[in-house]
Amino acid sequence: MSQEGLRPAETTGSGYALPVFPYRRPAELAGERRRHKVAVVGGGLAGLTVACDLAGRGIPVVLLDEDDTVGVRGASSRGIVYAQKTLEIFDRLGIYRRIAEKGVTWSVGKVLADDDVLYSFDAAQGSLSKAPPFINLQQFYIEWYLVDRLAELPRAELRWRNRVTGITQREDHVALAVETPDGPYTLEAEWVIDASGLASLIRGALGAKMAAEQGEDRWCISDVRFKTSLPAERWTWAKADFNDGRAVWQHPMADGVWRLDYQMGPNADPKTIADPETVRDRLRRHLGETEIEIVWVGPYGYRTQLMDSFRLGRVFFAGDVAHVMNPFGARGGNSGVQDAENIAWKLAAVLTGAAPEALLDSYDEERRAAGAHNIHVTTRTIRFLAPRSPFEHRLRDAVLDLARRYDFGRTLVNTGRLSVAFDYAGSSLTSNGGTAVPNVPLTLPDGSTGTLSDLLRGDGAIFLVLCFAGAAPPALPERVARVFACNAAIGGLPVLRGAALDRLGGTGEVLVIRPDQHLAARLVRPPGAAVQAAIDKALGKERAR
Amino acid sequence: MRTDAYIPDADGFYEAIIAANEGLTEGESEAFLLRFALLLANQIGDQQVLLDAIRTAREMVAGTPRS
Numbered sequence: 001m002s003q004e005g006l007r008p009a010e011t012t013g014s015g016y017a018l019p020v021f022p023y024r025r026p027a028e029l030a031g032e033r034r035r036h037k038v039a040v041v042g043g044g045l046a047g048l049t050v051a052c053d054l055a056g057r058g059i060p061v062v063l064l065d066e067d068d069t070v071g072v073r074g075a076s077s078r079g080i081v082y083a084q085k086t087l088e089i090f091d092r093l094g095i096y097r098r099i100a101e102k103g104v105t106w107s108v109g110k111v112l113a114d115d116d117v118l119y120s121f122d123a124a125q126g127s128l129s130k131a132p133p134f135i136n137l138q139q140f141y142i143e144w145y146l147v148d149r150l151a152e153l154p155r156a157e158l159r160w161r162n163r164v165t166g167i168t169q170r171e172d173h174v175a176l177a178v179e180t181p182d183g184p185y186t187l188e189a190e191w192v193i194d195a196s197g198l199a200s201l202i203r204g205a206l207g208a209k210m211a212a213e214q215g216e217d218r219w220c221i222s223d224v225r226f227k228t229s230l231p232a233e234r235w236t237w238a239k240a241d242f243n244d245g246r247a248v249w250q251h252p253m254a255d256g257v258w259r260l261d262y263q264m265g266p267n268a269d270p271k272t273i274a275d276p277e278t279v280r281d282r283l284r285r286h287l288g289e290t291e292i293e294i295v296w297v298g299p300y301g302y303r304t305q306l307m308d309s310f311r312l313g314r315v316f317f318a319g320d321v322a323h324v325m326n327p328f329g330a331r332g333g334n335s336g337v338q339d340a341e342n343i344a345w346k347l348a349a350v351l352t353g354a355a356p357e358a359l360l361d362s363y364d365e366e367r368r369a370a371g372a373h374n375i376h377v378t379t380r381t382i383r384f385l386a387p388r389s390p391f392e393h394r395l396r397d398a399v400l401d402l403a404r405r406y407d408f409g410r411t412l413v414n415t416g417r418l419s420v421a422f423d424y425a426g427s428s429l430t431s432n433g434g435t436a437v438p439n440v441p442l443t444l445p446d447g448s449t450g451t452l453s454d455l456l457r458g459d460g461a462i463f464l465v466l467c468f469a470g471a472a473p474p475a476l477p478e479r480v481a482r483v484f485a486c487n488a489a490i491g492g493l494p495v496l497r498g499a500a501l502d503r504l505g506g507t508g509e510v511l512v513i514r515p516d517q518h519l520a521a522r523l524v525r526p527p528g529a530a531v532q533a534a535i536d537k538a539l540g541k542e543r544a545r
Numbered sequence: 546m547r548t549d550a551y552i553p554d555a556d557g558f559y560e561a562i563i564a565a566n567e568g569l570t571e572g573e574s575e576a577f578l579l580r581f582a583l584l585l586a587n588q589i590g591d592q593q594v595l596l597d598a599i600r601t602a603r604e605m606v607a608g609t610p611r612s
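One line per chain: the protein sequences are U and A, in this order.
Numbered per my numbering, the first sequence spans residues 1 to 545.
Numbered per my numbering, the second sequence spans residues 546 to 612.
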């Protein structure tokens, strides 16, 4: 463990003890002149993930964080739901085991209106991945595990209490003005990833344009412990009589803490709704008479925000700095992690000479499309949860009424569409595919058991080519792709075995899988040149022409 | 979206709607129509037809909506 000690979070509840990480005098302040390959600004979920992914790919990375702990001080809880694709990424990065041990694995959700269960779902049904559909865990734990993992990676340097105060873009690098306890210095990096969140200084300093909208809807989170035993499921009330007919969320997470999130009246005053007695009253109406320990209370509103471009020159924007949406569907944190994975493999491909710089433009293309999509999906949810007119109220009443009796009505009830991996079908890198390939369990050629993502680990940005019975083995440079046969002997290729593999591809098919485990191409009995062409396209070589 | 005559017994259909709304308040009739519309939408099950019908109804009442 790299932390120096523990410090209680600043909150009205009992809170959490957060780790404190040591500040070290940066080499630049000792007079050393350095040109870093990649600098990441912001040690939140997206920033730590991108640093971890880059360092794991053998790319030197320095991460700057203005603070010396994880979790936004006080608001130490933040995101809690980590979806399958995110868990697969964390598995590849080497922190999955700790997340699974600490968090609450779940797959069943129930949607209610007052006392009626309108429907329930089990997201584990039909899932091919070794990762469960969801694990709930306080965000700061994930960040903590990423920090610990980074400490094991020789290519990564974490600089705590290094606050960026200015930025200058130059032709072949970026100069960051950085403030430290030992005074200011200039950090030079070829590429910068800004993951510094909602209030990014860099975004403002570069004059980046973005669309923003502030909503009137107000909510109040109460993270609590109590004696009553509830199932480890996600329950959402579209309306609850114990919350004046408004929506309620009930979710378990680590340390026996439950997240209870209550919709408040429009424009409700944050102080009033978070008043300790008001909070206790609300909890009693929900849970009945039981011993309740309040861990953290957070009243909030939310905004919608999307940058016009996720790239400006040598700076890429990842996570909340680039896109902000309401939390219903857990699409904020999960999409931030996917931003991180997307830019990490592309930078690794360019910095190792496997791809032209044009590949980096596709980060904006792919991840801005994902951000816009997530904003669209979450906005639909809020329009259902917070109707804006008497008509919308009555329409929703009709839907809830029908949902009590008929299946089709249930599909119209929208208490959040949970985060799934974005489909890059429309991307200029995609030949024929785009979906995330589930991380299926399999037996590796050496007889050991593993998953697909085990084959994607290693330096640089490796593509995976899976050949199914009836396909010819393509000859490809080993540096770019690893080629396997699936459940069949194909011209001496190493063989992967596993029943789930046959769900990924059929006779004569060849799958070209990107370093982020998204499908670049699904080809049928392709000549070798077609496989190479699909990889070239996914590396941005067509864009470069 | 089809706009040719397709209801087998138009007069009988009109009569049935009126009968179903007999004695309802304005609010109850609106509630009736919303449920009726949603039940019908699920019978149609063709997204383009549904969107065409929504657009046509809106235009007939108040012109083109803000997007």
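Hints in this document: simulated from the structure, not taken from any laboratory.
A few of these clues could be false.
Residues from chain A that keep clear of chain U, each with C-beta distances beyond 12 Å, as calculated [what the hints assert, rightly or not]: (1) M546; (2) T548; (3) Y551; (4) A555; (5) G557; (6) F558; (7) E560; (8) A564; (9) E567; (10) E575; (11) Q588; (12) D591; (13) L596; (14) E604.
Quick list of simulated restraints, FRET-style, between CB atoms [stated by the list, open to error]: (15) A/S574 with U/A211: 39 to 45 Å; (16) A/R600 with U/A151: 57 to 63 Å; (17) A/T601 with U/P390: 22 to 28 Å.
We put the beta carbon where it would ideally sit given N, CA and C, even for glycine.
Verification of the hints:
Under the 12 Å C-beta cut-off, the non-interface status given to A/M546 relative to chain U holds; the minimum distance is some 20 Å. Every CB of chain U lies more than 12 Å from the CB of A/T548, the least distance being 25 Å, so the non-interface label holds. At roughly 22 Å, the least C-beta separation between A/Y551 and chain U is larger than 12 Å, which holds for a residue marked as non-interface. For A/A555, the non-interface assignment is confirmed: its Cβ lies about 25 Å from the closest Cβ of chain U, beyond the 12 Å cut-off.
No Cβ of chain U comes within 12 Å of the Cβ of A/G557; the nearest lies about 25 Å off, and the non-interface call holds. No Cβ of chain U comes within 12 Å of the Cβ of A/F558; the nearest lies about 21 Å off, and the non-interface call holds. Separation of A/E560 from chain U is adequate, the least Cβ-Cβ distance of about 24 Å exceeding the 12 Å criterion. With a minimum CB-CB distance of about 20 Å to chain U, A/A564 clears the 12 Å threshold, and the non-interface call stands.
Every C-beta of chain U lies more than 12 Å from that of A/E567, the closest at about 20 Å, which supports listing it as non-interface. For A/E575, the requirement that its beta carbon stay farther than 12 Å from each beta carbon of chain U is not met, with the minimum near 6 Å. A cut-off of 12 Å between C-beta atoms contradicts the statement that A/Q588 is not in contact with chain U; the least separation is 10 Å. Remark: the non-interface label on A/D591 is consistent with the geometry, its nearest Cβ contact in chain U lying 14 Å away (cut-off 12 Å).
Every CB of chain U is more than 12 Å from the CB of A/L596 (nearest about 15 Å), matching its label as outside the interface. Chain U leaves A/E604 outside its interface by the beta-carbon criterion, the shortest separation being 18 Å against a cut-off of 12 Å. In this structure, A/S574 and U/A211 meet the distance hint of 39 to 45 Å, their C-beta atoms being roughly 40 Å apart. For A/R600 and U/A151, the hinted distance range of 57 to 63 Å is satisfied, since their beta carbons lie about 58 Å from each other.
Between A/T601 and U/P390 the CB atoms are about 24 Å apart, so this pair conforms to the stated range of 22 to 28 Å.
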